[in-house]
Amino acid sequence: MKRIIKSMLLVCLLLQGVIYAQEEEKIVQAKVIETENVLADKLYNNGIKAFKEGKHSEAIKLFTEAISKKDSFDLAYYNRGIVHYAQKNYDQAITDFNEAINLNSKNADAYYRRGRAKEMKGDKERALADYQKTLEIDATHAQANYFLGTSFFLNEDYEKAVGYFTKAIEGKKDFAKAYNDRAGAKRMLKDYKGAVADYHKAIMYDGNNALYYNNLGSAQRKDDNKRGALQSYSKAISLNPEYAIAYNNRGSVYYDMEEYESAIKDFSKAIEIKKNYAYAYNNRAAAKFKLKKYQEALKDTDKAIEINPDYGYAYMNRGNIKEMLRDEKGACEDWNKAIELGIKRAKIYTGICH
Amino acid sequence: MKRIYSIIVFVFLGTIVLAQNVEFDKANFKDRKDAFKEAVKNLEKGDEYFEIGLHFFKEALPFYERANEFNPNNAELNYKLGRCYLVTKDQRALSHLEKALKLNPNVAEDLQLYLGEAYHKEMRFDDAIAAYSQYQKVAMQHSDPYVLKDLNLKIKQCYNGKKITKKPIRVFIDNLGDNINTKYNEYGAVISADESVIVFTSRRPGSVGGKIDPNLNEYFEDIYIAEKNEDGTWGKAVNIGEPVNTPNHDANTGISPDGQRFLIYIGKKGNGDIYESVLDGKVWGKPESLGKNINTKDYHEPSACYSPDEQILYFVSDKPGGKGGHDIYYSKKDEKGNWGEAINIGDVINTPYDEEAVYMHPDGKTLYFSSQGHESIGGFDIFKSVYDEKTKTWSKPENIGYPVNTTDDDVFFVVSASGRHGYYTSTTKDGRGLRDLYMVTFLGKEKNMVLNNEDNLLASQAGTIEEVAVAPEVEVPEARLTILKGIIYDFKTNEKLKAEIEIVDNETNEVIARFHSNSATGKYLVSLPAGKNYGIAVKKEGYLFHSENFNIPDDQAFQTVEKNIGLKKLSVGNKIVLNNIFFDLDKATLRSESTAELERLIKLMKDNPTIVIEIGGHTDSQGSNQYNQSLSERRAKAVVDYLIKGGINSSRMTWKGYGETKPIATNATPEGRQKNRRTEFKIIKI
Numbered sequence: 001m002k003r004i005i006k007s008m009l010l011v012c013l014l015l016q017g018v019i020y021a022q023e024e025e026k027i028v029q030a031k032v033i034e035t036e037n038v039l040a041d042k043l044y045n046n047g048i049k050a051f052k053e054g055k056h057s058e059a060i061k062l063f064t065e066a067i068s069k070k071d072s073f074d075l076a077y078y079n080r081g082i083v084h085y086a087q088k089n090y091d092q093a094i095t096d097f098n099e100a101i102n103l104n105s106k107n108a109d110a111y112y113r114r115g116r117a118k119e120m121k122g123d124k125e126r127a128l129a130d131y132q133k134t135l136e137i138d139a140t141h142a143q144a145n146y147f148l149g150t151s152f153f154l155n156e157d158y159e160k161a162v163g164y165f166t167k168a169i170e171g172k173k174d175f176a177k178a179y180n181d182r183a184g185a186k187r188m189l190k191d192y193k194g195a196v197a198d199y200h201k202a203i204m205y206d207g208n209n210a211l212y213y214n215n216l217g218s219a220q221r222k223d224d225n226k227r228g229a230l231q232s233y234s235k236a237i238s239l240n241p242e243y244a245i246a247y248n249n250r251g252s253v254y255y256d257m258e259e260y261e262s263a264i265k266d267f268s269k270a271i272e273i274k275k276n277y278a279y280a281y282n283n284r285a286a287a288k289f290k291l292k293k294y295q296e297a298l299k300d301t302d303k304a305i306e307i308n309p310d311y312g313y314a315y316m317n318r319g320n321i322k323e324m325l326r327d328e329k330g331a332c333e334d335w336n337k338a339i340e341l342g343i344k345r346a347k348i349y350t351g352i353c354h
Numbered sequence: 001m002k003r004i005y006s007i008i009v010f011v012f013l014g015t016i017v018l019a020q021n022v023e024f025d026k027a028n029f030k031d032r033k034d035a036f037k038e039a040v041k042n043l044e045k046g047d048e049y050f051e052i053g054l055h056f057f058k059e060a061l062p063f064y065e066r067a068n069e070f071n072p073n074n075a076e077l078n079y080k081l082g083r084c085y086l087v088t089k090d091q092r093a094l095s096h097l098e099k100a101l102k103l104n105p106n107v108a109e110d111l112q113l114y115l116g117e118a119y120h121k122e123m124r125f126d127d128a129i130a131a132y133s134q135y136q137k138v139a140m141q142h143s144d145p146y147v148l149k150d151l152n153l154k155i156k157q158c159y160n161g162k163k164i165t166k167k168p169i170r171v172f173i174d175n176l177g178d179n180i181n182t183k184y185n186e187y188g189a190v191i192s193a194d195e196s197v198i199v200f201t202s203r204r205p206g207s208v209g210g211k212i213d214p215n216l217n218e219y220f221e222d223i224y225i226a227e228k229n230e231d232g233t234w235g236k237a238v239n240i241g242e243p244v245n246t247p248n249h250d251a252n253t254g255i256s257p258d259g260q261r262f263l264i265y266i267g268k269k270g271n272g273d274i275y276e277s278v279l280d281g282k283v284w285g286k287p288e289s290l291g292k293n294i295n296t297k298d299y300h301e302p303s304a305c306y307s308p309d310e311q312i313l314y315f316v317s318d319k320p321g322g323k324g325g326h327d328i329y330y331s332k333k334d335e336k337g338n339w340g341e342a343i344n345i346g347d348v349i350n351t352p353y354d355e356e357a358v359y360m361h362p363d364g365k366t367l368y369f370s371s372q373g374h375e376s377i378g379g380f381d382i383f384k385s386v387y388d389e390k391t392k393t394w395s396k397p398e399n400i401g402y403p404v405n406t407t408d409d410d411v412f413f414v415v416s417a418s419g420r421h422g423y424y425t426s427t428t429k430d431g432r433g434l435r436d437l438y439m440v441t442f443l444g445k446e447k448n449m450v451l452n453n454e455d456n457l458l459a460s461q462a463g464t465i466e467e468v469a470v471a472p473e474v475e476v477p478e479a480r481l482t483i484l485k486g487i488i489y490d491f492k493t494n495e496k497l498k499a500e501i502e503i504v505d506n507e508t509n510e511v512i513a514r515f516h517s518n519s520a521t522g523k524y525l526v527s528l529p530a531g532k533n534y535g536i537a538v539k540k541e542g543y544l545f546h547s548e549n550f551n552i553p554d555d556q557a558f559q560t561v562e563k564n565i566g567l568k569k570l571s572v573g574n575k576i577v578l579n580n581i582f583f584d585l586d587k588a589t590l591r592s593e594s595t596a597e598l599e600r601l602i603k604l605m606k607d608n609p610t611i612v613i614e615i616g617g618h619t620d621s622q623g624s625n626q627y628n629q630s631l632s633e634r635r636a637k638a639v640v641d642y643l644i645k646g647g648i649n650s651s652r653m654t655w656k657g658y659g660e661t662k663p664i665a666t667n668a669t670p671e672g673r674q675k676n677r678r679t680e681f682k683i684i685k686i
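If you're matching them up, the sequences are chains A and B in order. So the first sequence is residues 1 to 354, counted in our numbering. So the second sequence is residues 1 to 686, counted in our numbering.
With the rest of the complex left out, here is chain B (with noise of 0.2 Å):
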C-alpha cells in the first residue's frame, strides 16, 4: 500500500515540474556543467540569427533544437522556438507556443499573437479566435491602430476560414515535379493560354550572377522557362539568361496568351518597376519598362497581367490615392501602342489591404488576384472577379475556396483558357522544399451517382417498375473560349515566318486585336471568345494575305482548334480563298460583314500597284447549272464593283462566275458545300 502511494505522489510531483518553468541557470544543472555550457553556448548562437530577423530565423533552428534537448522546460526558449517554426511554415511552432504558454503565460507580450497565428495556420480557427483576442487587451494598451487592424483583419480572417472551409472545393492538386521544383524557392508561375509554356521565378543555384541576397539570405530571384512534353510532361526548366536575367532580382509576373512576350518585376531598393520583354525568335529580348504611365519612381509596381487581345494592362501599385496598401489598377493601350493613364479599377475589387498577384484569364473577363481582404481565409487568398461587359461592372470577388487556398499566403494564381487548371505557389503536401509550383484541376461540383432501384408496384404484375433516385445535377460552368494556334510558313519553301495576325469582329468590321508570329518557329496563338464572328487576316509583305473565319456560338465549350497557315507567295497563278467576304442568301448583295476583307483586298492592290487579279465566283452544286453560273459571275462582279468604288482601277480587275464546276470539297455534306461557296482571288499579271 506505501508503495502505492508513493507512485502517485511521484506521479503528481512529476506532473508539477513538467508545468515549471526552467531557466538557464546553472544552479539548476549543478551536475551537468559541461552539457549546460554547450547548451548555452548554442542558445547564444541561435539568439544571434533570432536577432538579425524573420529570414535568418532558419538558421537559429538547429542551435534552439540543441538547446531545447538539454532544456525543453524554457519558456522563452519554447517561445522562439514556435516564432521560428511559424516562419519556416513547420507545425512544430504550435506545440512549442502552446509549451511557452504552460510554463510561464507571461514570457513575452506578444505570446498570445504567435499562439494564435499557430492555431490560425492548422486551421483551429475557434482558439485562434480566443488566442487573438486576448493579444487585443495587449494591444488595446499601446493602442497603435496598425496593430489593432492587423488583429482585427485576422480574426475576420478565422470566421472566413471557418465558413470557407466547411464547403472545399474538389481539386486534385499536383506538383509540377522535377523538372521544374527544386529544393528552393519557385513561384509565381505563369502559362500561355494553350499550357504549354510555363515561366517562373526560382531562387534556385547557378542564377545570373550567383550570388546570395544577404538581406533575405538566399539566391536572386531568376526567371525560367520549361516547355510542355508531348506526353503531357514538363521539360527541364532552363535559366530565361540575359539580357532578361541579372545579376538582381528578376520575375517573371505575366505573360502574353500566345507566350511570344512576357512582364517581368525588376526589383530596386524601395521601388520596383514593370518591364516588357519580347520574344524576337529564338531570343528574348532586353526587357523595356512599361513607361510612366504605369512606373512611378518611388512607389512599387509589383505585378501586371495583359488582357488576352494585349489591348488593356491590369497592374498592382502601392502609389498614394488607392484604396490602401497595393491596389489593382489598369490602363488601356493607346494608339500608338504606349500604355495610358492608370485607372484604380475600384473598390469592388480593391480593399484597404494589399491586393497582389493580378492575372486577366484568356476570356477577357474573368480577373483573378490575391488578396489580404475580402473573404480570405489567411494572408493573401485567391479571389475572382468577373467583368460584366453590359453592366461594365465587376461582380463581387469570390474566394477560390478551399483547399487552394489556405490560411497561408496564396499568391500568382494563373488559370488556362481551358478553366480546368490552375497553377500556383504552395508550401503543402509533397514539396520538394520551401514553395513549389503546383496545378489544380477544378472538378466542379461533386458528380452525382446515380442509383438504381425498382418495385413490383402492381401486386397482380411480375414486372417490376424501375426508378432512378438522384439529386438534381448542378452544371459545371467553363470558360467558352476557341484557343486558335498554329504556324504560320511559306507555303512554297515551308519556311516558319514572322507574319501579323489581325483579328476583326465581322459584325462592327473594327481590329480587336493584332499578333505576330513567332520568327524562328511560326507559330501563334489566338484566344477567342464565344459570342462572335471573327475575320482573322494572316499579313505578310510580299504574300498574299490568308483569311479566315471563325463563327463562334454564344454557346460553343472550350475548343482549341490548330490550324497551320501557308502563305503564298505575290506571283502569278497563285489564289486565295477570301473567307470573308459574305453574299445575302442567293443574292449578289454584299453583306456589311465583308467590308474589313474588302478594304484588305483594297489595300493590297494599292500596295501592290502593278498586279492584275482575277475575281472568281463558285457555288455549291445545289440549284441549276445555269442558276449556279449567273449567280457566281454576279457575285464575282459585286466584289470588283467594291474594289472599283475604292479606287482601283476597273483595268487592273476581271472577273469570272465559275458556278458549281470548280468544288474543292464535298458538296454531299454542309460543311462541303459551305467551302464550295466562295470567291477567290487569283494573280493574273505582276
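If we strip away everything but chain A, and leave its shape as in the complex, we get (with noise of 0.2 Å):
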C-alpha cells in the first residue's frame, strides 16, 4: 500500500512539474511579446518623430519594423501608408490603408486616406466610396465632407457640393480651405453675395492667402462690387506678385469701368509673368479695341490665337477688329471659324457676310 502512495506523490510531483514548466513558458512567452510590443509601439512612436521631421524613409524603416514585432498592429500600417502617401507611393499607401481596415474596420480615417490616395490615383469613384465610408463611421469628418464637396463640384452639381462643405466646417470651424470652395460652388450657383461671404470666412481664417483674395475680388465683380474687386485683387497681387490670373482679373475690372488703359497694363503685367497667356492677349486685344487701337489689338489677337489655335472667342474677337479695319472679307473669315470652334453667339455677326 505504501508503495502505491509512493507511486502515486511521485507522479503528482512529476505532473506538478510538467504543469509548472508548462506556466513558466507561458509567462516567459508573455514576457517576451510584452518587452516586443514594447519595443514595436517605441519603433511605432519613432516613426512618427521621423516622418513629422521629414525623415520619410527612416519613418517607413520604423513602422515596418514596428509591425514585425507585434502582431495587427492597424496603427502602424496606418501610419506607413501615410509616409507612402506622402511620398506618393499611393499603391503601397493603399495596401497599408487596406490592411490597417481590415484589422480596424472602424477606423474612419484610414477610409478617408485610402479615398485620398485612390482619388489622387485618378480612381475617383473609389475614392468616393471610401468617404461615404468614413462618413459612416464618422459623419463629422471634416476632410472626407470636403472632399466629397469637391468631387460633387468637379461633376458641377454644386447644390450638393455646398451641403458638404457646409458639413465640414461645422466639423471644423476654422476650415478655410471649405469656406473657399463653399463660395466657390456658390459663384456657380449665381449666389455671389453668399461667395462673398464665404470668402471673407476663409480670408478671416487664413489671411495670407492669395487665392482667397483673388476669389474674393472675382465674386465682387459678379456681384458688381467693382471697386470691391479692385482692391481684393490688389491685394491678391501684393502678397503673390508673380500672380498672373489676378492681374488678368484685375485688367477685365479696369475694362468693365471703362479704364481701358489700366487694364491694358495689367494685362501686359499678366503677360510679363506669364509669357503665353492666351487670355491676356486676348483681353488686351479687347481694351485696345475699345481705344479704337485697331492695328495694335490686331496683333494681340493674332497672338491668342498662335498660342491656342482652338481659341474660339479670340477668332470672334479678331473678326470685331477686322471689320473695324474695313476688312470685311477677314472678319466674315474670323467669325465663320469662331462659330465653326463652337461659338454661337458668333452667328449674329454674319448677316453682313455674303
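By construction, these hints were calculated from the structure, which means they are not laboratory data. Check before you lean on any hint, since a few could be wrong.
[Claimed, not checked] Subject to a maximum C-alpha distance of 20 Å in a straight line, what follows is the list of computed SDA-like cross-link-like pairs (lysine to any residue): (1) A/293 to B/421; (2) A/173 to B/460; (3) A/292 to B/460; (4) A/275 to B/443; (5) A/292 to B/443; (6) A/329 to B/460.
Remember, it's a predicted structure, so these values are computed and weren't measured experimentally.
Both chains come to you apart, so use the hints to assemble them.
Pasting the structure below:
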C-alpha cells in the first residue's frame, strides 16, 4: 500500500513539475511579447517622429519594424500608409490602408486616407465610396466631407457640393479651404453675395492666402462691386506679385469700368509673368479695340490665336477688329471660324457676309 | 513798379477797345485814308451781293472779308459775315455772330435768331435754345405766326438733338469718290437694288444747255448715271443726255429696283412734276408725265419712288388738303397700268411741317423719308417707318440717327436691298466741295468684345475654372430679302433677250408683279421678300417659257442669287422643266400651288395651236423602280388631264413616265433628288 501511495505521490510531483514548466514558459512568452510590443510601440513612436521631421524612408523602416514586432498593429500600417502617400507611392499606401482597415474596420481615417490615395490615382469612384464609408463611421469627419464636396463640385453638382462643404465647416470651424470652396460652388450657383461672405470667412481664418483674395475679387465683380473687386485683386497681387491670373482679372475690372489704359497695363503685366497667356492677349486686344487702336488689337488677337489655335472667342474678337479695319472678308472668315469652334453668338454677326 | 502799372492799364484799355464797335467812319481812320476808301468799296460791293439774296451770299464773302481785314470790329459787318457763312455752311459763322453780339447786341433785331442757328449747327444745343428763346421775345412783339411756329420747331429740334446725339449710331461714311463727286453740287442719289447702278443730280458744268440759273447762281440741274466696276468702285459718271436732260432743271428722284426705269422731277416756275423715263436697250426714253392723279397744275410734286413690285408709287406733294407743307401720298397702279387716285399716307408719317425725298426699300415695307417734323434735330432729317401688313399701319417714324442725321438738311436717303448700305447727300467731312454723295455702311449695335477670365475656385485643385464675361448681345436686324438677278438670252444663239418676267405667289396663284429684262443687255433683277413660295416665269413670244421656283422661308437672311436664263425656241425636240408643278407626297394629286404654271401651259398651247407635246414624269431613285415608274406615269397623266379640262385637245398631247431612268442631278443629295423629281414638257411636232 505504502508503495502505491509513494508511486502516486511521485506521479503527482512529476505532473506538477510538467504543469509548472508549461506555465513558466507561458509567462516567459508573455513577457517576451510584452517586451516586443513595447519595442514595437517605441519603434512606432519613433516612426511618427521621423515622419514629422520629414525623414520618410526612416519612418517607413521604423513602422515596418514595428509591424514585424507586433501582431495586428493596425495603427502602424495606417501610419506607414500615410508616409507612402506623402511619398506619392499611392499603391503601397493603399495596401497599408487596406491592412489597417482589415485589422480595424472602425478606423474612419484609414478609409478617408485610402480615398485620398485612390483619388490621387484618378480612381474617383472608389475614392468617393471610401469617403462615404468614412462618414458612415464618423458623420462629422471634416476632411471626408470636404473632399466629397470637391468631387461633387467637379461633377458640376454645386448644390450637393455646398451641402458637404457646410458639413466640413461644421466639423472644423476654421476650415478656410472649405469656406473658399463653398464660395466657389455658390458662385457657380450665381449666389454671389453668399460667395463674397464665404470668401471673407476664408480670409478671416487664413489672411495670407492670395488665392482667397483673388476669388473674393471675382465674386465681387460678379456682384457688380467693381471697387471692392479692384481692392481684392490688388491685395492678392500684393501677397503674390507673380499672380498672373489676378492681374488678368484686375485688368478685366478696369475694362468693365472703361478704364482701358489701366486694363492694358494689367493685361501686359499678366503676359510678362506668363509668357503664353492667351486670355491676357485676347483681353488686351479688347481694351485696345475700345481705344480704337485696331492695328495693335489685331496683333494681340493674332498672338492669342497663335498660342491657342482653337480659341473661338479670340477669332470672334478678331472678326470685330477686322470689321473696324474695313476688312469685311477677313472679319467674315474669323466669325465663321468662331462659329465652327462652337461660339454660337458669332452667328448674329455673319448676316453681312454674303 | 510804375512800369508794371502802365502795362496793367494798357491791357485793361486794350480789352475795352476790343469790345467796342468801330463804325466805318473816316473820322475813325484819319491816318489810313486810302485803305479806308478801299475797305468801304469792298463793303459796298459785298452789300450789293448780300442784298440780292441768299444764293449770292457766297459772292459777297470775299469783299466782306477784305473789309473785315481793315476793320475787324464792326458789329454790322460781323453780323453779315456770320449770315453769309451760315448759308455757305462754314464754321466761321459762329465766331462772327458772337463778335457782332459783343460789339453791339442791337446791331440787328434778328441777331439772336442767326446766333441760335449757328449754335444749332455746331450742335451747341443749350446755347442755341437760349439764343432762340431770346429771339422769341422779339418775335412775340411782331406776333408773326409763321416765325413763331418756325422758332418753336427749332427749339424742339434742339431738344431732340440733345437726346439723339447722345447715342450715335455706328456707321462708316465714305465719300463716293472723284468719279461721282465734283466741287459742284451733287445730290439725290438713287441706286438699283443690287447697288450696281447709281443715278443722281448734279449742277456741274457740261450740262445740257450749259447755262447758269440766274436765280440760284449755279448750273442748271442735270441727271448723271454711273455703274459699279467689278472691283466695287464706281465708274465715271456720265450725263444721261437728252431727251431726259434738258437745258432746264432735271433732277432724278426714284429708280426701279432693276434700274430699268426712273422717275424725274422736272421743275417749272411755281410748279414741278414727276415724269418717268424707261430704258429701252441702251436708250433712255423721253420722260412722260405720270398723269393727273400724281401731278397737279399749281403745286409741287418734287419727289417720288416705286414700290419694289412697281405697283405702288409714293410721292410728295404740297397740294392743299394735306397735313401741312409737303406731304407724302401714294397711288396704286390700276389694271390698265395707270396710276390711280392719290391718297395721303396719313398723319403717322405726315406732319404740319415738310416731308420730302420719299424712298421705299426693296423689302416693300420700309419707307425712308425726310422731314422737318417728328424728332428732327435740325432742318430735314431722315426717318424710317415700317408698314405692318397685318394691322395695315405704319410704325412711328424713327430718326435714323446721328451722325447720318445732322443739324443740317439731310435728305435723299436710299438703302441697299441688303440693308447694309445707305446713300445720301451731305456737306460734311472729306467733301470735294459743296454737297457730295456719300455711302453709309451700317455696323449695327456695337459688337461686344469677349473677355476671358479664370480662377482657381477649389483650394485643393490645381486646375482653373474659366469664365467668359460679356454683356448680352443684341441681334442686328437685317433685310430679309432675296435679290434674284441675271441675264436672259437665247439658249442657242446667246443673243440677249427682252423677255417678260412674271412673279407669282404660288399660294394664292396671283401674279404679284411683271418686269422686263433689258433688250440690249438681257439684264433683269427682282427683289423677293422672304416668307413666300414664288413661281417665276420668263416668257417671250416664239419661245418656250422658262419657270423657276423660289421657296423663301421667313427666316432666310439677305441673299443675292444670280441666275442666267436661256430661253428655248418653240421647235421640235426642245423641252423645259416645269419647276412650278407640285404634287402631294408620293401621290399623283396636283397641288393648288401648280395652278399658275398649268394655266401658263394652257395659254401656250392655245397661243400656238399647232404644237403637239409630250408631258414627261420623272422621279428620284428612292423607292423601287416599279413604284417610281408607275408614279411618274400617273403624275404625267395628271398634268395632261388638267390640260384637257382646260380645253386642250387630247390629240395634241402624249404622256410618258420615265421613273428614275433619266436623272438630271445626283440622287445622293436631297437637292439633287429634288431636281430629279420633275415634270417636263417637250415639243413633239409643230
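Taking the hints in turn, this is what the structure says about them:
no.	hint	in the structure
1	A/293 to B/421	violated (25 Å)
2	A/173 to B/460	holds (18 Å)
3	A/292 to B/460	violated (42 Å)
4	A/275 to B/443	violated (35 Å)
5	A/292 to B/443	holds (15 Å)
6	A/329 to B/460	violated (47 Å)
In this structure, the earlier hints numbered 1, 3, 4 and 6 are contradicted, and the remaining ones agree with it.
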